[in-house]
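Chemist: Protein sequence lines correspond, in order, to chains A and B.
According to the numbering used here, the residues represented by the first sequence are 1 to 372, in order.
According to the numbering used here, the residues represented by the second sequence are 1 to 284, in order.
Since the hints were derived computationally from the structure, they do not count as laboratory data.
Since we're looking at a predicted model, the values are computed, not measured.
Keep in mind that the hints are not guaranteed to be accurate.
To be verified - In silico lysine-lysine, DSS-like type, Cα no more than 30 Å apart, as pairs: (1) A:K297 / B:K110; (2) B:K110 / A:K176; (3) A:K65 / A:K48; (4) A:K134 / A:K176; (5) B:K110 / A:K288; (6) A:K293 / B:K82; (7) A:K293 / A:K65; (8) A:K63 / A:K288; (9) A:K212 / A:K293; (10) A:K288 / A:K217; (11) A:K48 / B:K110; (12) A:K59 / B:K110; (13) B:K110 / A:K264; (14) A:K364 / B:K82; (15) A:K364 / A:K212; (16) A:K48 / A:K293.
Stated by the list, open to error - Here chain B is said to cover these stretches of chain A; the calculated rule only asks that three of the stretch's residues, wherever they fall, bring their Cβ under 8 Å from a Cβ of chain B: (17) 187–200; (18) 223–236; (19) 251–262; (20) 279–291.
All C-beta atoms, glycine included, are put in the ideal place defined by N, C-alpha and C.
Here's the letter readout for the chains.
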Amino acid sequence: MKVLRAIALAAAALLLPAAGSLAQKNEVRFGCYIPITGKFAIFGSSMKNGFEMAQEDFKATGKLKDVNVVVQCEDDQGRADDGINIARRFIEDENIVAVLGSWSSAVTLAAGPLYNKARLVNITPTSSHPDVTKIGPYVYRQSVIQSREGAFNGASMYQLGARKIAMLGIPNDYGKANVGFTRRSFEKAGGEVVFEEFVRPDAQDFRQVLQKAVRAKPDMIYIGVFVPQASLMLKQLRQMGVKTRIYLAAVLDTPDLVRLAGAKAVEGSLLTLTFNPVLGANVADFFKRYEAKYGRKPDPFAGLAYQTMTMMMGITARLYPNVTREGYRSELDKMTSIDNVFGPLTYDPEIREWNYKFNIGTIKNGQTVLLK
Amino acid sequence: MTYAVVAIGFTLIYRVLTAVNFAHGEVYTIGAFTILIGATTLNLPLWSIVPLVVLAGALTGYGIELAGFRLFRRFTDEASLKSRAVREATLLSSLALGIVIREILDLIYKGDWQSLPETYQLSTSLDLGGIYISSGEAVIAVVSIVMLIALQLLLHRTSIGLAIRAVSSNMIGAQFSGININRVVIAVFVIGSVLGAVAGMVVSLAYGAIQSYMGLTVVIKAFVAMVIGGLTSLPGAAIAAVMIGVAESVAGIFLPSAWTEMVAYMLLIVFLIFLPNGLFGRRR
Chain A
1 MKVLRAIALA
11 AAALLLPAAG
21 SLAQKNEVRF
31 GCYIPITGKF
41 AIFGSSMKNG
51 FEMAQEDFKA
61 TGKLKDVNVV
71 VQCEDDQGRA
81 DDGINIARRF
91 IEDENIVAVL
101 GSWSSAVTLA
111 AGPLYNKARL
121 VNITPTSSHP
131 DVTKIGPYVY
141 RQSVIQSREG
151 AFNGASMYQL
161 GARKIAMLGI
171 PNDYGKANVG
181 FTRRSFEKAG
191 GEVVFEEFVR
201 PDAQDFRQVL
211 QKAVRAKPDM
221 IYIGVFVPQA
231 SLMLKQLRQM
241 GVKTRIYLAA
251 VLDTPDLVRL
261 AGAKAVEGSL
271 LTLTFNPVLG
281 ANVADFFKRY
291 EAKYGRKPDP
301 FAGLAYQTMT
311 MMMGITARLY
321 PNVTREGYRS
331 ELDKMTSIDN
341 VFGPLTYDPE
351 IREWNYKFNI
361 GTIKNGQTVL
371 LK
Chain B
1 MTYAVVAIGF
11 TLIYRVLTAV
21 NFAHGEVYTI
31 GAFTILIGAT
41 TLNLPLWSIV
51 PLVVLAGALT
61 GYGIELAGFR
71 LFRRFTDEAS
81 LKSRAVREAT
91 LLSSLALGIV
101 IREILDLIYK
111 GDWQSLPETY
121 QLSTSLDLGG
131 IYISSGEAVI
141 AVVSIVMLIA
151 LQLLLHRTSI
161 GLAIRAVSSN
171 MIGAQFSGIN
181 INRVVIAVFV
191 IGSVLGAVAG
201 MVVSLAYGAI
211 QSYMGLTVVI
221 KAFVAMVIGG
231 LTSLPGAAIA
241 AVMIGVAESV
251 AGIFLPSAWT
261 EMVAYMLLIV
271 FLIFLPNGLF
281 GRRR
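Extracted from the complex, chain A is given alone in its bound form (with noise of 0.2 Å):
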C-alpha cells in the first residue's frame, strides 16, 4: 500500500508541473478534423492554409499577442468513421476549446451529433448540406447552405431563360442537397427538369451520361459536381460539340475549373459566384495575398475557413483569459454580422445561418466576368 501511495504521488508530482505549464504556456487549443490524405486531400490543404493565414492576420493586429493559438488539425481523410473517432479524441482532450471541421457534410453530419452531446462547440466553414445546423445547438456553420445556394440557382437559370435543364450531381450529402434544392427551385419558377443523373466520383469517362442528358434536349445543363469532374464534364461536352448552355454550381467558382478544364472547355459556362475577385475588394486582396502567400489561387473553402478562423479569433480575444468551451457557444449565439472575405454578412438567429450574397457571372477567355 506504501509503495502504491509513494508512485501515485511521485506521478502527482510530475503531473503537476506539466499542467501548470499549460496554463502558462497562455495557449489557446482548437481542434480541427479535415481531410489531410486521400482524394479530398486538396481541399483540406485549402482550409489550413485559410486557418494559418486567419491566425497570422489576426496576430499582426497586436490583439492576443501573449497568446498561443494553436489549431490541431487531424485527418478524417473524408470519412465519416474517422470524423467519428476524431470526435471522441477532441471530447476527451480538455485543452480543445472548439472544434472547426469538417469539409464533408458527411463527415460533419456523422460526428456532429457527438460534439453537441458533449457541448463542445463544433464548427464547419464548408460543409453546406441543410441538416448540418439542426445537429443542435452546438454545431454552428460558416458557409452557404445548400437550400440558399439551391433557390438562387434554381431562379437564375429560369431566369437566364432555360425552361428545361438536365442536371448532373455526385450521390453524396453535398450532391444530392445542392441538385435537389436547385431542382425545386427551377420547377417552383416554372421550369422543367428533363434529365437528372448522380455520376460516380471516381469516374474519368462521363460521355454516356452526358449524351444521355442531351438527349433529352434541355436549354441547359446544370453541373453540381466538384471540380475534378466538372473539368472532364466539360472537356468532353466540348468533344462532343455540345453548345447547350451549362450553368455550374458555386463549388465550382474556383481558378483550379479553368486550370483542370482550360479556357476553351469553360468558355461560356454561367455560374454561381459566391468567392470571386470581382465580386469586391475584400476577396480582390484576398486572392492577391493568399496567392503571394502559398503560390497558388485560394478555393472557396479557403475563404470560409480564412472567415471563420477570424470569427473565432476575435471570439477568442473577447473571452481571453476566460476561455471555456461554453464561452465559444455563447459568443457564438451573439454573432449578428461579420465582414470578411465574403464582404459583409448578416446572421439569421432563427435558422442559425448565414446571408450569404449570390451573384451570376460567366466565364470569358478563362476569366470570371460578373453578368449581374
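With chain A's structure known, arrange chain B on it following the hints.
Modeler: What follows is chain B alone, placed relative to chain A:
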C-alpha cells in the same frame, strides 16, 4: 480496354508467383505522372516521353519486386516456394508499397488533381455514326490491342517468354532445369509494370486528368477481371476485363451512372457462385 492491359500485367505476376501485386495500380499512376512531368516540368515532346514512361514502369516494377517480393522469397526450397504465408506477406507488402508510393505522390503534389497541357491531350472528337469517341479513346483501344498482341508474341516467340511460361507452369521444375528464377520474376514484374505504366499514360492522354489515387479503382477492376478470367489465364483476364468494361457501358444506358460501379462486382459474385474456376481457370 484499359482494364484489360492492367489486368494482364496483374495476372502475369500472379501466374508466375501466385502472389497478388496490389502496388500494380500505383504503376499505372506512375505512368500517368511520368507523362505529366515530361510535359510540364521537362517540356518534352510527346514522342520522347513515351520511352520515359516505359522506363519508369520498368524501374517501378523492378523496385516493387525488390522491396515487396524478393525479401519474402529469399528461400528457394520447395516448402518456401509453396508457402501460403509468403503469399500473404507479399500481398500485404505490395499493398503497403502502393500506399507509400501514393502518399509520396500526394506529398509532392499536395493531393491536387493535375491537368496535362491541352497540346498533349488526345481530345479530338470522332463521330462514328452518332457515337462520339475522342481520339484518346481510339488510341487507348489501339495501344491496348497492340500491347496484348506484343505480349503474346513475347511469351510464345522468345526465350524469356518460354522461361516465364516454364516458371509459371512449375517453378521448382524450372529451377531444376537451370532457369534463373530471379531473372524470370524480375522480367515478369518489368513486363507487367510496363503494361500498367503505358495504360496509365494513354488514359492520361485521353482524359488529361491525373491524381495519385487514379490507380486504385483500376487495380480493383483488374483484380476482379483476373478472378473472373480464371486467376492465371492471360486471355481470360483480357476477355473478363473487356466484358466488365462493356457491361459497365451497357448498364450505363439503362441505369443511373452512379450504379454502374456495382456491375463488375455483381459479375464477380455471379462467377464465384456459378463458375468458380472463372472463364479459363483450371479445375481445382
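Chemist: Compare the structure with each hint and give your call.
Modeler: Each hint, compared with the structure:
With a C-alpha separation of about 14 Å, the suggested pairing of K297 of chain A with K110 of chain B holds against the 30 Å cut-off. Simply put, K110 of chain B and K176 of chain A have alpha-carbon atoms about 28 Å apart, close enough for the 30 Å limit, and the pair holds. With a CA separation close to 21 Å, the supplied pair K65 of chain A and K48 of chain A stays within the 30 Å bound. Simply put, K134 of chain A and K176 of chain A have alpha-carbon atoms about 17 Å apart, close enough for the 30 Å limit, and the pair holds.
Distance hint between K110 of chain B and K288 of chain A is fulfilled; the C-alpha atoms sit about 21 Å from each other, no more than 30 Å. Distance check on the hinted pair: K293 of chain A and K82 of chain B sit about 56 Å apart at the alpha-carbon level, beyond 30 Å; violated. Of the pairs offered as hints, the one joining K293 of chain A and K65 of chain A holds, with about 22 Å between alpha carbons and a cut-off of 30 Å not exceeded. With a CA separation close to 24 Å, the supplied pair K63 of chain A and K288 of chain A stays within the 30 Å bound.
A C-alpha spacing of about 44 Å is found between K212 of chain A and K293 of chain A, which places the hinted pair above 30 Å, so the restraint is violated. Distance check on the hinted pair: K288 of chain A and K217 of chain A sit about 41 Å apart at the alpha-carbon level, beyond 30 Å; violated. A threshold of 30 Å between alpha carbons decides the hint, and for K48 of chain A with K110 of chain B the separation of about 12 Å falls inside it, so the pair holds. Distance restraint check for K59 of chain A and K110 of chain B: the Cα-Cα separation of roughly 27 Å lies within the 30 Å cut-off, and the hinted pair is therefore satisfied.
A C-alpha spacing of about 26 Å is found between K110 of chain B and K264 of chain A, which places the hinted pair at or below 30 Å, so the restraint holds. For a cut-off of 30 Å, the pair hint linking K364 of chain A to K82 of chain B is broken: about 64 Å separates their Cα positions. Under the criterion of a C-alpha separation no larger than 30 Å, the hint pairing K364 of chain A with K212 of chain A is consistent with the structure, at around 27 Å. With a C-alpha separation of about 13 Å, the suggested pair K48 of chain A and K293 of chain A falls inside the 30 Å cut-off, and the hint holds.
Counting residues of the stretch 187–200 of chain A whose C-beta lies closer than 8 Å to any C-beta of chain B gives 4; at least three are required, and the coverage claim holds. Judged by the Cβ-Cβ criterion of 8 Å, the stretch 223–236 of chain A is covered by chain B as claimed, because 6 of its residues qualify and three suffice. Counting residues of the stretch 251–262 of chain A whose beta-carbon sits less than 8 Å from any beta-carbon of chain B gives 5, enough to reach three: the coverage restraint holds. Counting residues of the stretch 279–291 of chain A whose C-beta lies closer than 8 Å to any C-beta of chain B gives 0; at least three are required, and the coverage claim is violated.
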